[in-house]
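**Student:** Note that my numbering gives residue 334 to position 59 of the sequence shown, counting from 1, and the numbers run on in steps of one.
Some clues are possibly wrong.
[To be verified] Across the chosen pairs, the derived CB separations fall in these ranges:
| no. | residue 1 | residue 2 | range |
| --- | --- | --- | --- |
| 1 | 299 | 348 | 33 to 41 Å |
| 2 | 349 | 402 | 31 to 39 Å |
| 3 | 324 | 395 | 18 to 26 Å |
| 4 | 336 | 312 | 29 to 37 Å |
| 5 | 317 | 368 | 28 to 36 Å |
| 6 | 367 | 344 | 20 to 28 Å |
| 7 | 317 | 431 | 17 to 25 Å |
| 8 | 299 | 320 | 17 to 25 Å |
| 9 | 412 | 383 | 33 to 41 Å |
| 10 | 370 | 427 | 16 to 24 Å |
| 11 | 427 | 402 | 14 to 22 Å |
Derived by calculation from the structure, the hints in this document are not laboratory data.
In this text, a Cβ means the ideal position worked out from N, Cα and C, and glycines have one as well.
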Amino acid sequence: MRVLGVDPGSRTTGFGLVEQRPGGPRYLESGVIRTGSTAFTERLGVIFSDLCALIERQRPDAMVVEQVYVRHNVASALKLGQARGAVICAGAQAGLAIHEYTASVAKLALVGHGRASKRSMQDMVRIVLGLPAAPPEDAADALALALCHLQQLPLLGQAGTAARNQQVPRR
276 MRVLGVDPGS RTTGFGLVEQ RPGGPRYLES GVIRTGSTAF TERLGVIFSD
326 LCALIERQRP DAMVVEQVYV RHNVASALKL GQARGAVICA GAQAGLAIHE
376 YTASVAKLAL VGHGRASKRS MQDMVRIVLG LPAAPPEDAA DALALALCHL
426 QQLPLLGQAG TAARNQQVPR R
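Generate coordinates for the entire structure from the input sequences, incorporating the hints supplied.
**Tutor:** Listed below in structure tokens is the structure:
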């Protein structure tokens, strides 16, 4: 199973692709989509087209997108939501299963507590995937989302099996 994690942002969108293997997760690719300081709609187009090209090239089975959590700035939340929309549309167009996790859930899965620092996340991603150096913050966050999803797969499989086994009463 290949999982593409995406940490959306209107100026910087991190991505990370991992594959589940019998010996554990294997790193495939990661990086950052930088949109520059062009018009906002053009930045959304860059995110969408770059992710579509990545998906076409790497053929992931699923996409994981970070859920939005915003405390104060509503305008930033709206822009982030639109960037997430561009990401989700790229995955949906490719027919990917799309899953969402909060940053705190990914931190809990990878580091052991939901308030881990960015540096702790980078270090743990490097260790788990056997990378020679820690990836950039946004790429590390995306890889952490993908790794979190791989950890959740056995639970998701059990939930799916339980749901399929339930009988729906006829009316």
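**Student:** For each hint, tell me whether it holds in the structure or not.
**Tutor:** Against the structure, the hints:
At roughly 39 Å, the beta carbons of residue 299 and residue 348 sit within the given window of 33 to 41 Å. The hinted range of 31 to 39 Å is satisfied by residue 349 and residue 402, whose Cβ atoms lie roughly 37 Å apart. Separation of residue 324 from residue 395 is about 33 Å and departs from the stated range, judged on CB atoms against 18 to 26 Å. Hint check: residue 336 to residue 312, Cβ distance near 35 Å, so the stated range 29 to 37 Å holds.
In this structure, residue 317 and residue 368 break the distance hint of 28 to 36 Å, their C-beta atoms being roughly 19 Å apart. A hinted range of 20 to 28 Å for the beta carbons of residue 367 and residue 344 is consistent with their spacing of about 22 Å. Residue 317 and residue 431 have their C-beta atoms about 36 Å apart, which leaves the hinted 17 to 25 Å range violated. Under the hint 17 to 25 Å, the C-beta atoms of residue 299 and residue 320, about 37 Å apart, miss the expected range.
Taking the beta carbon of each, residue 412 and residue 383 are about 18 Å apart, not inside 33 to 41 Å as hinted. Taking the beta carbon of each, residue 370 and residue 427 are about 21 Å apart, inside 16 to 24 Å as hinted. For residue 427 and residue 402, the Cβ-Cβ distance of about 20 Å falls inside the hinted range of 14 to 22 Å, so the restraint holds.
The structure fails hints 3, 5, 7, 8 and 9 (numbered hints given earlier, in ascending order).
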